[in-house]
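Undergrad: These are the residues of each chain, in order.
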Amino acid sequence: MLQYFTLNTSVEIICFLIAVICLHSDEKVEWKFFIVFLFITCMTEMAGVHFKKLYLADRIHNHPNIWLYNILLLFQICFFCMIFEMLLSKYFNIKPVIFGMGMLLLATHNYELYEHGIFAYNELTNTIMLVFIVLGSLYYFYLLLKGENYVELKYAYDFWWVAGILFFYFGTTTCNIFFKSLSPEKMKSIKHLTYYIYNAFNIILYGCWSYSFICRKWLTSQSLS
Amino acid sequence: MLELFIYLSEMADITELIIITTLIFLIAPAFLVLYIFIYNKRKKRHIEEKQLMQLTFESELIRTQMEIREQTMQTIGADLHDNIGQLLSLASQTLGSVNLDDRDKAQQKIDSVLDLTKQSIKELRLLGKLLEGEQLIALGLPEAIRQVINWIEKSEQCIVTYTIEGEHPAQNNPDKDLILFRILQEVFNNIIKHSKANEINIKLGYIQDGIRLQVIDNGTGFDIANMPENQKGMGLSNIQKRAEIVGGRFFIQSQPGEGTCIEIFIPYP
Numbered sequence: 001m002l003q004y005f006t007l008n009t010s011v012e013i014i015c016f017l018i019a020v021i022c023l024h025s026d027e028k029v030e031w032k033f034f035i036v037f038l039f040i041t042c043m044t045e046m047a048g049v050h051f052k053k054l055y056l057a058d059r060i061h062n063h064p065n066i067w068l069y070n071i072l073l074l075f076q077i078c079f080f081c082m083i084f085e086m087l088l089s090k091y092f093n094i095k096p097v098i099f100g101m102g103m104l105l106l107a108t109h110n111y112e113l114y115e116h117g118i119f120a121y122n123e124l125t126n127t128i129m130l131v132f133i134v135l136g137s138l139y140y141f142y143l144l145l146k147g148e149n150y151v152e153l154k155y156a157y158d159f160w161w162v163a164g165i166l167f168f169y170f171g172t173t174t175c176n177i178f179f180k181s182l183s184p185e186k187m188k189s190i191k192h193l194t195y196y197i198y199n200a201f202n203i204i205l206y207g208c209w210s211y212s213f214i215c216r217k218w219l220t221s222q223s224l225s
Numbered sequence: 001m002l003e004l005f006i007y008l009s010e011m012a013d014i015t016e017l018i019i020i021t022t023l024i025f026l027i028a029p030a031f032l033v034l035y036i037f038i039y040n041k042r043k044k045r046h047i048e049e050k051q052l053m054q055l056t057f058e059s060e061l062i063r064t065q066m067e068i069r070e071q072t073m074q075t076i077g078a079d080l081h082d083n084i085g086q087l088l089s090l091a092s093q094t095l096g097s098v099n100l101d102d103r104d105k106a107q108q109k110i111d112s113v114l115d116l117t118k119q120s121i122k123e124l125r126l127l128g129k130l131l132e133g134e135q136l137i138a139l140g141l142p143e144a145i146r147q148v149i150n151w152i153e154k155s156e157q158c159i160v161t162y163t164i165e166g167e168h169p170a171q172n173n174p175d176k177d178l179i180l181f182r183i184l185q186e187v188f189n190n191i192i193k194h195s196k197a198n199e200i201n202i203k204l205g206y207i208q209d210g211i212r213l214q215v216i217d218n219g220t221g222f223d224i225a226n227m228p229e230n231q232k233g234m235g236l237s238n239i240q241k242r243a244e245i246v247g248g249r250f251f252i253q254s255q256p257g258e259g260t261c262i263e264i265f266i267p268y269p
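If you read the sequences in order, they're chains P and U.
Here the first sequence is numbered in our numbering, starting from 1 and rising by one per residue.
Here the second sequence is numbered in our numbering, starting from 1 and rising by one per residue.
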């Protein structure tokens, strides 16, 4: 059982537990969805560890765990669209844009599945999603800077959530570009470079998100009292 | 073996490239977040300064209102004592000296008392208008200035020329009107108290996005550059401070024996 608790999964599980504690009674459905999303992510990652071990034991008869992440990609598309819609709709009606982006991502996802099947990673979908997320995050920051009101950034849960996702998706751009050259199929050892990079960025991402959940819990409980 | 060596050296190159670019891609958002924090702090300071300025402006406005009221009350007090009081005392004394047996002289004295009473009523009406000082500003700055000029002219110490240039903007700014009115009161006070002028020229000009008020007198004037600090008085510094509070500018030109010219520009409305 302990073999499933890698650094990566441990960070994700901690973040999931913080989400459960902080967001289970949140009045906004979108924030409650974090619990579901993080649960799916943790399950995928743990299943990923399991399938990776099977693949490393027998590379001929087993596939890498990539197909699992293709399924997770679907959830990520839906979830990120929902969160960015929630964050940016405070400033203007972003629904049509988010809907368009979501549709484009789903269409690309389906096209890639049709093109190469589920066992190869949907790299194009991931790259387009990465671009959308980076653009969305930068646009959120732009609106934050443009706004006339002062925001206490130390406790701004929106800000920390966006900072986390921007760090992760912007930081892992290089790994995404060189995804094919660094894939486990081509590497002799599993402890390849991307492993360390993803671990580091995962810590930043889930660290920021956990802090964001704590801020949200703290601020909402303060405003209620 | 050679192929493996080439492959490994290529991998080493890629590894280096990935590490460097990943670091760049990590530093970029870190700087962005840092910049947002710094900018946000500046925004907070700016908001605090704006709030402080608003508070200063509001307190200055209240003080201005109080000063206008005080000035009006002083004028009324002095007028009641020096003018209306004297007229009514004279009327009372005249009535007291009426001898009903001498009908012709009595008639003359009663007519004189009637004149004195009519003059007192006229004076009281003027006082009443002055008492409406704040309502005067509601009628507009040009009208308020006209009423103050009427009052100065009544003393027959000096001739006042008043001209209005440009078109009055469609929208008034009562706060700025009030402050400008108070500045003008302060200028008049200085002229009456110190300058010994017998001619005052006032120009109120509505220019693009602003008001220009010019007051020229032919009084004794003074040397601004060599004026001792303790003689600069509250008047001039108050005028300057008030003009700055509404985002305006204040200029003064004066030479001993050559009168004084004061100009105030205020963005309007």
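Source of the hints: derived by calculation from the structure; they are not laboratory data.
The beta-carbon is built from N, C-alpha and C at its ideal position, and this holds for glycine as well.
Be careful, since some hints might not be right.
Computed footprint of chain U on chain P, listed as stretches where at least three residues anywhere in the stretch have a Cβ under 8 Å from a Cβ of chain U [stated by the list, open to error]:
| no. | stretch |
| --- | --- |
| 1 | 5-19 |
| 2 | 50-57 |
| 3 | 138-145 |
According to the in silico footprint, chain P covers these stretches of chain U (three or more CB under 8 Å from chain P) [unchecked claim]:
| no. | stretch |
| --- | --- |
| 4 | 17-30 |
| 5 | 121-127 |
Undergrad: Determine for every hint whether it applies to the structure shown.
TA: Evaluated hints:
1. 5-19: violated (count 0)
2. 50-57: violated (count 0)
3. 138-145: The restraint on the stretch 138-145 of chain P holds, since 4 of its residues have a Cβ under 8 Å from chain U and three suffice.
4. 17-30: holds (count 10)
5. 121-127: Since three or more residues must qualify, the claim that chain P covers the stretch 121-127 of chain U is violated, with 0 doing so at under 8 Å.
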